[in-house]
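Asks: Could you build the full structure based on these sequences and the hints that come with them?
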Amino acid sequence: MAAVLVVEDNPANQRLMDLLLKSMGHSACLASSGEEGLEKLMESRYDIVLLDMQLPGMDGFEMGRRVRDAYGPSIRILAVTALAMKGDRERVLANGCDDYLEKPVSVVELRKKIQKLLEA
Amino acid sequence: MRGSYFRTIFVKLLLLAALPATLFSAFFLVETYRVGETHFKRATDMLRTTLSDSAKEGLLTGQVHHYLDPLTDSALLQPGISAVVFSDDKGKVLLCRAKGKELPFRKAFQSLKASAQQTQSGEIDLSGKRYYYSSGPVKAWRLQNSEQLFGLEKQHTEVVVGRVTLFAYPGMLFAALKTRIIQSLFALGILLVLVFLVALTIARGITRPVEELVRGFRALEAGDEPPEIPDPRDSELRVLTNQFRRSTRRIRDLIREKDSYSDQLMATASELEELNASLEEKVRDRTHSLKNAVEMLELSNSKIQEADRLKSEFLANMSHELRTPLNAVIGFSELLLERIPGPVTPDQESCLNDILNAGRHLLKLINEILDLSKVEAGKMKLNLSTRKIHDILTDIQTMFRPILSRKNQRLEVKLQDPERKVYSDQDKLAQILINLLNNAHKFSDNDSTIRLTAGSDGENNWFTVKDQGVGIPKEQLTKIFEAFHQVDSDTARKQEGTGLGLTLCRRFSHLMGGTITVESIEGEGSTFTLRLPMDPTLSTLDQKKEDLADGGSACG
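Chains as they are written, first to last, in our numbering: chain A, 1 to 120; chain B, 1001 to 1556.
Bear in mind the hints are in silico, worked out from the structure with no lab data behind them. Glycine is no exception: its CB is placed at the ideal position from the N, C-alpha and C atoms. Hints are not guaranteed to be accurate.
What the hints assert, rightly or not - Examples of chain B residues toward chain A, derived with CB under 10 Å:
no., residue
1, E1321
2, L1326
3, A1328
4, G1359
5, L1362
6, L1370
7, K1407
Claimed, not checked - No farther apart than 25 Å at their CA atoms in a straight line, the calculated lysine-lysine pairs in the DSS-like style are these:
no., chain 1, residue 1, chain 2, residue 2
8, B, K1381, A, K86
9, A, K113, B, K1364
10, A, K22, A, K86
11, B, K1364, A, K112
12, B, K1414, A, K86
13, A, K86, B, K1364
14, B, K1466, B, K1388
15, A, K86, B, K1379
16, B, K1311, A, K86
Replies: Structure follows, in structure tokens:
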């Protein structure tokens, strides 16, 4: 069982992630913005951050960078984003994220990615 | 105005007449003088001879005054004789008489030193005057004393008994000459006056018409009306004058003609000028409107670029905004179908599948719209590589089998040459083939057979997808490649599809330098053929042009 922080501003998607993670046996904590995500990270330890990129206030890019700067490679970051245009993937990976998943996600795909990151 | 021409002619005429006359007069005078002088000298010589004869007695006898005085007196009466000198045979002066003073003549005689026998004559200067002298011996017969006794005349000998010398001054000759000169000058004067008059007349006769002509020519030159020229007396000049009149008339005609021509020319020139001005104005207008057009074009170009940027931005936003809710739709559907939140009834499962399919359809639509806009913006890049056709078809078959099973359809794959390779963008080639197969699947009945064949014709690799479906009406054949076009609305409702699939297929095939064609018989099925050139890079450019050319209909 891993501790997962979901940074996502859309309530429906928050619930979806929560449901999915719990079904996988992980604990899920929710944050709606970059600032909130960073606070949560300071409060307790997480194995993986599922990070939406477009967020109110501090966006996923900045948060990704800060997490990477502050915690090093110990925390895995999986970007789950609706940014699906050309070049978005590279931009995401350049800002601290370990992997990239394009919305809408397939549940199967998401499970695979999380598993892969935990094993890495 | 009496010009220099008149003077020239007059002076020439004058010289022509006066010069010979003057020369002739001078010659005449000189000749007269010469003849007179000769005559004078000969007269003096003759007088001396006469005196020699007459003076014999006086000199022989020695009675000088008795014999010689009358002789001398008469000699001095002769015109021009200035002095007479008699001398004896020894040269001693016996008698010297002159019209004036004698002494100079006596001295002059003594300076002559003539020999007794000889006759001598010449000229001598005496007190500023030039005298002619003529000196000769006076000879007489003298008898020898003995011989006289015998009376023999033969014994008479001629001996010089003295000498007579005359000094003559040709004063009267000069006077005569002066008279002649005056006469000559008088005659010459008259002649000159006559010549002057004649020359004046002639010169006038010649120069007046000529000057009239000159005046006429000057007037012509100045462009004035030439004056009337009176007929000259001289026939040659009359010819000339007539010629002048004719020329004047001709010139006047020519001038009139020229004037009319130049009037026409001026008119034409002003017309041209107007035309030119209007042309310039037109050019200015055109330039102005062209400049405006260019500005408009630049403006619209920047607007187009702005619109293009906005379009890209819009597409990115649309993609993002649609993906976020779709994430929930698809994700929850999947989770529910996995029964994670709890049990699902068969009806609910069916509904959940519909939701999931609708969500996936929407996602496909989004992706295809993005692809299409990328192709149309020329931003779609080819990722070319070589792969065995056999491998490609095997993959597709594997991918497509689950879909076929829904309608219990069979896929028959035929490959002419299993070793053949294709050089293309593998993703796009697969996307095209799957799209065609999907269409075949959708528009064919259950249990039918779909045939996928691949081969090559030397220039192209070709792939055909043949179905036994509903087919496409002839009039629709060209429209099916247009965006959001399906054969008819009834079918469209029955068959799910984005309406962008074939459009993208055609665009992708064009990108790779190939074509997609369709043959169909309504009710019997359709055959789609994709042709890709062996080397897509070689023909890409041409295809892009074609792509642009039919881009409009594809978008419409």
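Asks: Compare the structure with each hint and give your call.
Replies: To see whether the hints hold, each was checked on the structure:
1. For E1321 (chain B), the interface hint holds, the least distance from its beta-carbon to any beta-carbon of chain A being 8 Å, beneath 10 Å.
2. For L1326 (chain B), the interface hint holds, the least distance from its beta-carbon to any beta-carbon of chain A being 4 Å, beneath 10 Å.
3. For A1328 (chain B), the interface hint holds, since its Cβ comes within 10 Å of a Cβ in chain A; the closest pair sits about 4 Å apart.
4. A distance limit of 10 Å between C-beta atoms decides the matter here; for G1359 (chain B) the minimum to chain A is near 7 Å, and the interface restraint holds.
5. The beta carbon of L1362 (chain B) comes within 9 Å of a beta carbon in chain A, closer than 10 Å, and the hint placing it at the interface holds.
6. With a cut of 10 Å, the hint placing L1370 (chain B) at the interface with chain A holds, because the nearest CB-to-CB distance is about 7 Å.
7. For K1407 (chain B), the suggested interface contact is broken, since its CB lies about 24 Å from the closest CB of chain A, more than 10 Å.
8. Among the hinted pairs, K1381 (chain B) with K86 (chain A) is consistent with the structure: their alpha-carbon atoms are about 11 Å apart, no more than 25 Å.
9. Of the pairs offered as hints, the one joining K113 (chain A) and K1364 (chain B) holds, with about 22 Å between alpha carbons and a cut-off of 25 Å not exceeded.
10. A distance of roughly 32 Å separates the Cα atoms of K22 (chain A) and K86 (chain A); the hinted pair therefore is violated under the 25 Å criterion.
11. About 22 Å separates the Cα atoms of K1364 (chain B) and K112 (chain A), which keeps this hinted pair within 25 Å; it holds.
12. About 36 Å separates the Cα atoms of K1414 (chain B) and K86 (chain A), which puts this hinted pair outside 25 Å; it is violated.
13. At most 25 Å may separate the alpha-carbon atoms for a hinted pair to count; K86 (chain A) and K1364 (chain B) meet this at roughly 16 Å.
14. A threshold of 25 Å between alpha carbons decides the hint, and for K1466 (chain B) with K1388 (chain B) the separation of about 22 Å falls inside it, so the pair holds.
15. Between the alpha carbons of K86 (chain A) and K1379 (chain B) the distance comes to roughly 10 Å, so the proposed pair stays at or under 25 Å and holds.
16. In summary, the hint linking K1311 (chain B) to K86 (chain A) is supported, as the alpha carbons are separated by about 15 Å, within the 25 Å threshold.
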